[in-house]
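There are 2 protein chains.
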Amino acid sequence: MRELSLEDIEALAVGAWVLGTGGGGSPYLGLLNMRQLYGEGHRVQLMDPDALADDDMVAVVSNMGAPLVGQERLTDAANIARAVTLMQEYLGKSFRGIMSVEIGGNNGVQPLMAAALTGKPVVDADAMGRAYPEAQMTSFAVGDLRPWPLTLVDPRGVEGIVAKVPTWKWMERLSRKMCVEVGSTAATCKAPRTGAEVKRWGIPRTTTQAINLGIAIRRAQREHRDPIEAILQNEDGRLLFRGKVADVARRTTEGFLRGTTRLDGLDAWRGSTMEIAFQNEWAVAWQDGTPRVMTPDLICVLDTVSGEAIGTETLRYGQRVTVIALRAPPVFLTPRGLEFVGPRAFGYDLDFRSVFS
Amino acid sequence: MRELSLEDIEALAVGAWVLGTGGGGSPYLGLLNMRQLYGEGHRVQLMDPDALADDDMVAVVSNMGAPLVGQERLTDAANIARAVTLMQEYLGKSFRGIMSVEIGGNNGVQPLMAAALTGKPVVDADAMGRAYPEAQMTSFAVGDLRPWPLTLVDPRGVEGIVAKVPTWKWMERLSRKMCVEVGSTAATCKAPRTGAEVKRWGIPRTTTQAINLGIAIRRAQREHRDPIEAILQNEDGRLLFRGKVADVARRTTEGFLRGTTRLDGLDAWRGSTMEIAFQNEWAVAWQDGTPRVMTPDLICVLDTVSGEAIGTETLRYGQRVTVIALRAPPVFLTPRGLEFVGPRAFGYDLDFRSVFS
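So the sequence lines, in the order shown, correspond to chains A and B. Count along the first sequence starting at 1, add 903, and that's the number in the numbering used here. Count along the second sequence starting at 1, add 903, and that's the number in the numbering used here.
Hints in this document: simulated from the structure, not taken from any laboratory. Keep in mind that the hints are not guaranteed to be accurate.
Chain copies aren't distinguished; within one or between two, either way the pair holds.
Claimed, not checked - Straight-line alpha carbon distances no greater than 25 angstroms define the calculated BS3-like cross-link-like pairs of lysine-lysine that follow:
hint : residue 1 : residue 2
1    : K1080     : K1067
2    : K1102     : K1072
3    : K1102     : K996
4    : K996      : K1067
5    : K1080     : K1147
6    : K996      : K1147
Next comes chain A alone, as it looks inside the complex:
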């Protein structure tokens, strides 16, 4: 257990945005919340998952919905904290700690906001190692853990509970429709996990991973080294493409932000084109019509100069961007894992081929 400094949290926001692979929402508003909460004297403890007792109960939080909506409906720490306390009331039990379902984007910061307001520690783990758009795209679903219950909170005073579902896909369907009805964004507390479940099926120490990644990027920026090179070294990633955003087609639909972008190549990629399809997160990228990289490999679109991540909601015409790939957690590379997060789970009739294989 260690106390997170505000510097840790600033780095977390930078690193989690890279791991968000375009989704999870910009961490900027979560960071503003954390600066304010730290200014008021709140502090957050980070707890290693191995420190959990097997029968501890862990809250699994995320903000759900279409990232673009987050630019109008701003982040308020009280919402995610209420999703957690509503779940405690429903269960009649108290949580030992709070973790994120996804370390990527603003959802890497969500458990910190809930932790600051409830006084509980953040568990250093998530269930994606990145961000994914749908409820069944988690290591917990791959592990066939119980998908229910879920609590959902909207700041106008709407509170819903999915009490039971037969499958993870039904959890996604029902909670997504509730989310859409309150404006395609909602604070949620997913199915609670035991300490044993987190230790067996959680992706461990991804908060620390995101903090370290953010520190590496910030240090490279300060020292006028290439921050993208720092990311690739830190995460053992692959450089895939460099170019200029030539087109973005984007629509908020069914509770998701969907679309495609086209990049015209620069430098070594001049004359070449990359097209990337997204559903909240970058899903599949084609170079000159041929699949180049696909989920579950992490596709990260970065500002070529600053090395900072660009989200599917903030990408715009004319930006100079660099596309890299990072490694997926091993749990998603099994045949069962690929059923949940491989290209076919996103509707693409492609066999998964990793850029790292």
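Given chain A, work out where chain B should sit, using these hints.
Here is chain B on its own, set in the frame of chain A:
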């Protein structure tokens, strides 16, 4: 408290279908359930609302959704009983009795099915005195009672709870989307009511009213008298139109069955046309282009020969039908009542004028 006979329930099915004003779903499948439950030895007690203690808790049930779907997804008593027991688990309290939110159509029979399986009595009251399509169209909403919580059950094992909402309209919005996602039909247990609330704001003795109406219709049929005349006498209603169904336009949308029908006049109405718009229930009828009768007056479309009700989902080309109006419960005739169930609440820019005024 008296035990309902199977003859009472057969009559209830006939009378509730008339009071359904086209909606609430055909009571036929509920009746089949009750015949089977009575065959297995179950019995249902009917309890006068005045016998409730002020702090008794009463379950308020209904099947929610688009009536047309009920012709494919058949009625099973276990679903509505589960909505009640889920609510008991959520509240941590036991119900004294079970009432319907609407006496009209199959929802007049729903509390009997839940009562048979849980052993609790049916409270002789509802909150509409008929059927209405939306959650906020109740005497409880007019009385500004608390709209939450609600439990929703789908037989595939989907169970949802609306834990809190700021307004009745939000209850309608969120529960409707959940209902649509499970197929536009779901068993629900609405916001529980205290005995004091039922006595103050419930529409009393509508189960008895529907049974007596059904008995009157059946007796007229047996004695070869005009059953429609029997309804008009029994309920002090008005004969409005007689004709033949010339057209039906019907669509299942947003969890409702919406559309219009056109009737070509017969007998005294030959040469005249009636058009009726519906949202689950008959809402407004125009004779030769002029509004003739509108909600909250009960608009009932009956088979001209048998006098039995025809639902918005069973109306079809060529049927000989008679349109009558019955009186709305007084609670809906106040300015506040009309805000919830007057023609403007259904989107028609009409001032309410009752055929009884």
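Structure-based check of all given hints:
no.	hint	in the structure
1	K1080 / K1067	both (15 angstroms within a copy, 17 angstroms between copies)
2	K1102 / K1072	within (24 angstroms within a copy, 43 angstroms between copies)
3	K1102 / K996	within (20 angstroms within a copy, 36 angstroms between copies)
4	K996 / K1067	both (18 angstroms within a copy, 20 angstroms between copies)
5	K1080 / K1147	neither (36 angstroms within a copy, 41 angstroms between copies)
6	K996 / K1147	neither (51 angstroms within a copy, 62 angstroms between copies)
Checked against the numbered hints above, the structure breaks hints 5, 6 and satisfies the rest.
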